[in-house]
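> Those sequence lines, one after another, are chains A and B.
Sequential numbering from 1 applies to the first sequence in the numbering used here.
Sequential numbering from 1 applies to the second sequence in the numbering used here.
Just so you know, nobody snuck in bad clues.
Here are the simulated lysine to aspartate or glutamate pairs, EDC-like style, with alpha carbons at most 20 Å apart: (1) B:K15 with A:D249; (2) A:K868 with B:D36; (3) A:K127 with A:E520; (4) A:K164 with B:E16; (5) A:K164 with B:E17; (6) A:K675 with A:D735; (7) A:K868 with B:D37.
No wet-lab data here; the hints were simulated from the structure.
Here are the chains, one letter per residue:
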Amino acid sequence: MSSRRLPEGGLIDRSRPIDFTFDGHKLSGFAGDTLASALLANGRRLVGRSFKYHRPRGILTAGSAEPNALVTVGTGGRREPNVRATMAELHEGMVAESQNRWPSLRFDLGAVNQLFSPFLAAGFYYKTFMWPAALWEKLYEPLIRRAAGLGKATYERDPDRFEKRWAHCDLLVIGAGPAGLTAALTAARSGARVVLVDEQSLPGGSLLGERESVDDMAASDWARQVADELDTMPNVRVLPRTTAFGWYDSNLFGALERVQKHRAEIDAALPVERLWRIAARRAVLASGAEERPLVFGGNDRPGIMIAGAMRTYLNRYAVAPGRKVAIFTNGDAAYRTARDLQARGVEVAAVIDSRPAVSGASAATRTIHGGLVTRSFGGQGLKGIEILGNGKYERIGVDALAMSGGYTPIINLACQRGGRPIWNEGLQAFLAPENEGLAMAGSAAGIYGLADCLRDGIGKAQAALGELGIKPARFDPPKTTEEAGTGFKALWHVGESRAKAFVDFQNDVTVSDLGLAVREGYGHIEHAKRYTTTGMATDQGKLSNLNAIGIVAEARGKSPAEIGTTTFRPFYTPVSFGAIVGANREKHFQPVRKSPLHGWAEANGAVFVEAGLWYRSAWFPRNGETHWRQSADREAANVRTNVGVCDVSTLGKIEIFGPDAPEFLNRVYCNGFAKLPVGKARYGLMLREDGFIYDDGTTSRLAEDHYFMTTTTAQAAGVMTHLEFCAQILWPELDVRFASVTDQWAQMAIAGPKSRAVIAELVDRDISNDAFPFLAAADLTVLGTLPARLFGISFSGELAYELAVPARSGKRVADAVMEAGAKHGIMPYGTEALSVLRIEKGHVTHSEINGTVVPDDLGMGRMASQAKDYVGRAMLGREALRAENRMQLVGLRPAGADRLIRAGSHLLERHAPPSTENDQGHITSACYSPALGHHIALALLRRGHARHGEEIRVWDGLRGEEFPVLVCEPAFVDPRNEKLHA
Amino acid sequence: MASLIPCPHCGMRPKEEFTIRGAVPDSRPAWGAPIDDPQWFSAVYLRTNPRGRLREHWYHGAGCGRWLIVERDNLSHAVHDVADARARALAGDRT
Chain A
1 MSSRRLPEGG
11 LIDRSRPIDF
21 TFDGHKLSGF
31 AGDTLASALL
41 ANGRRLVGRS
51 FKYHRPRGIL
61 TAGSAEPNAL
71 VTVGTGGRRE
81 PNVRATMAEL
91 HEGMVAESQN
101 RWPSLRFDLG
111 AVNQLFSPFL
121 AAGFYYKTFM
131 WPAALWEKLY
141 EPLIRRAAGL
151 GKATYERDPD
161 RFEKRWAHCD
171 LLVIGAGPAG
181 LTAALTAARS
191 GARVVLVDEQ
201 SLPGGSLLGE
211 RESVDDMAAS
221 DWARQVADEL
231 DTMPNVRVLP
241 RTTAFGWYDS
251 NLFGALERVQ
261 KHRAEIDAAL
271 PVERLWRIAA
281 RRAVLASGAE
291 ERPLVFGGND
301 RPGIMIAGAM
311 RTYLNRYAVA
321 PGRKVAIFTN
331 GDAAYRTARD
341 LQARGVEVAA
351 VIDSRPAVSG
361 ASAATRTIHG
371 GLVTRSFGGQ
381 GLKGIEILGN
391 GKYERIGVDA
401 LAMSGGYTPI
411 INLACQRGGR
421 PIWNEGLQAF
431 LAPENEGLAM
441 AGSAAGIYGL
451 ADCLRDGIGK
461 AQAALGELGI
471 KPARFDPPKT
481 TEEAGTGFKA
491 LWHVGESRAK
501 AFVDFQNDVT
511 VSDLGLAVRE
521 GYGHIEHAKR
531 YTTTGMATDQ
541 GKLSNLNAIG
551 IVAEARGKSP
561 AEIGTTTFRP
571 FYTPVSFGAI
581 VGANREKHFQ
591 PVRKSPLHGW
601 AEANGAVFVE
611 AGLWYRSAWF
621 PRNGETHWRQ
631 SADREAANVR
641 TNVGVCDVST
651 LGKIEIFGPD
661 APEFLNRVYC
671 NGFAKLPVGK
681 ARYGLMLRED
691 GFIYDDGTTS
701 RLAEDHYFMT
711 TTTAQAAGVM
721 THLEFCAQIL
731 WPELDVRFAS
741 VTDQWAQMAI
751 AGPKSRAVIA
761 ELVDRDISND
771 AFPFLAAADL
781 TVLGTLPARL
791 FGISFSGELA
801 YELAVPARSG
811 KRVADAVMEA
821 GAKHGIMPYG
831 TEALSVLRIE
841 KGHVTHSEIN
851 GTVVPDDLGM
861 GRMASQAKDY
871 VGRAMLGREA
881 LRAENRMQLV
891 GLRPAGADRL
901 IRAGSHLLER
911 HAPPSTENDQ
921 GHITSACYSP
931 ALGHHIALAL
941 LRRGHARHGE
951 EIRVWDGLRG
961 EEFPVLVCEP
971 AFVDPRNEKL
981 HA
Chain B
1 MASLIPCPHC
11 GMRPKEEFTI
21 RGAVPDSRPA
31 WGAPIDDPQW
41 FSAVYLRTNP
51 RGRLREHWYH
61 GAGCGRWLIV
71 ERDNLSHAVH
81 DVADARARAL
91 AGDRT
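Input sequences plus hints: build the corresponding full structure.
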């Protein structure tokens, strides 16, 4: 294929050739090329297949609105589908593939869809896949899913890093075209903090593709000079390759920086993409305008291109679009394309201008006023066009066609927060409404002349600075050469065309689809969009939406102002999941919390389980144990007969200080705390304001004005927040302060009949039952000098202690406990054995405190004080919370042969069939009890307190299990609490 | 919802640092009020859910750890006022 590269010119570096492949073919381009410009330079016009009809497609634009040239770039985990070839900077070794074709791009069997196109019109899916319903899942969904999507995503792990950053500025300028550059420079010279973002690799925007001069230099050189000045200023951050994709409340902007997407070798020290959150006091949106396609038969054939894009390829990349070019326009702008083509020696066969008479623009070639292009010819590339002029059809041979259908100001961001676009009759386009904090500048504001854009940028920046009280620096607008006019007359589509005329190229939506939508009652633009899928592809209709609105308006005999637009939403262009996820993936998905005793547990062979953010030791396999039950049974039994040690550091721990601390605790717990003496611990129940139990735990009084509260692991943060709420809002007059110390203390439970003997060896005081009974609490020292806290607390029902030491000494003390306990048969036990022990004892956790229970449901009704006010007291008094048919805590044991009881199973009366009406409750916790030698369970059972001794049924509908159990009291072991005081 | 919240203690902070408890109830019975006070039901369950301005309890958990009263507009998303809830309560505004 012959090269289309012009011998000189362009902003490419001809000293740096770059090799790449496309569909396996070795091709080459230059540094400064995009994949699109390199493909064009290599004579490649066919680059993809359309979504629905698999029509051959070429490169339509030179920017981020590209609907056709979607390719897959990269290999392995870096393989990325649906990359716009117009935005992909060429790099050495780039591997690119076309998409949506099989077996090859040139011979695509999917193109057979075109033969069925009469059946594939708008609403095809709605009409075809309605019935029979039996086929929905088996046939229709797999079919639709196979046809859906374009490129295929990789299943491999992404090897690269992504990150997120904040930026703050006085003025954010979006777009480094003429208006954006003068806006940024004005603000920068005024001393304001400026961020300038631009999606291109080079600053300049439209200046890069035009031949005008600014301040007597090439426009692209002027842009470079301005960018260089900005780069040297400490108050300015210039972010190239960065697309502002969203505008959010508080004038916060989201932007995606493609840090390394253009590099052949990825630097592992840097992210490939960076997601910016930019908090801007003011912003200027200088995002430019999209030149629209014209809608005529066969307007999608490779070789047909947007007129401005053709200039960009010609001037910026030195690529000739063809040997013989025609231009179809409805405005003055495209005459520049004719001029530039001729200046580079490319033959311009004709300019077809849909306007009958034109003032101000002319071309040095055959010009057909009042003319139309009615269809195109060629197979996989343009060979000719049919022209209708002066009432006659004529066919001319061209291999490229530029089309210019007028401009669509890019107002997306300015309408993302609910502002509705406003139709401008003169410009035949929608403009952004007035917004606070965000000003439109340049062609995004409907100002199309170069000199006007340069001036507008200065003005908008000065206005924004004025609002901020920053004195704007004086800045004279740069001089420009005379340019083409901006005259234009809307032409929404060529009605004389018979062949398919595409409105939305990516989703294959044609003029006739839109007509069908209107005829079938889907004329509202939001309905027409969904019925035809126009504007719903990955380009979100950047080129097509205004044409679609114009066509629907014509079909309904209304003005586009009455039709309105569809809704603008983030993201402006696609944002990768990697960038949104940032660093929060794999092990960094969420923080990992490790107890101060984690290393100790690890050294003792613990198997860990994730509990929220925590890693808790679940069991400690020994002697070839292969199943967790073997370990848990051994550990639990050893606690009942000897002594065990368990890491309970994950419990929430809160220090409470202040003269009003006793009164405060008396109010947050439903049971009495006012009279708790110094040196004592007490179990407390905390209710929510609606009367249901919120959390439980023990609180110890260490001094008159100092308490130490423990919470459950799960509610540690919630309880802290609750205490602060009570202290700050409910009772601000109480003098009380809190500090969360969960991570400051290593805490271990030492439980079992021999626990006292173990502890006695470590501490500096008498801990006989008389001196340190159950529920005693004390500051003391262990290992001679180490400050520690000892509590006479038991979760297992055995004689037990909880010992807290500063976190950094945790491992040392745990090792000492193991050593002191060796002769007593001490073993570490994990959360599995902990759970078995507490179920045997009938102690509750959040499996039982599930947000639906009140103290009486758990048999703790008498704890709720009658003598004081407390949080939840009033609502706890409600009739329904005192009803006798409530779900109440009971124990369950097998009625016949022992068998596994599963938590979550439902409970039924002996002969009642399973139904919602007959449901008697459910099993909250269950285990095998080594102490009893059979399975046991805790359950919430309707009227449970009165049903001890009754035989009921466990029903597990998921597993088809059903068997009898006996209701009993929840404490299976030592119900009289004799062990605690041994 | 506003993306940035002007915390009276920490300055302008992203909303992700805060948790929202909900609208400030219109009234709350005094401490020790009889349990059959009908205000309890409305204080715990009823919210007016206005269109426009509303006052909410926010907790700055990733910042100062203070409870705040945020007055904002759920239509325009404007934040009108952020105040320390305890200071308000001590001044007699205890709901």
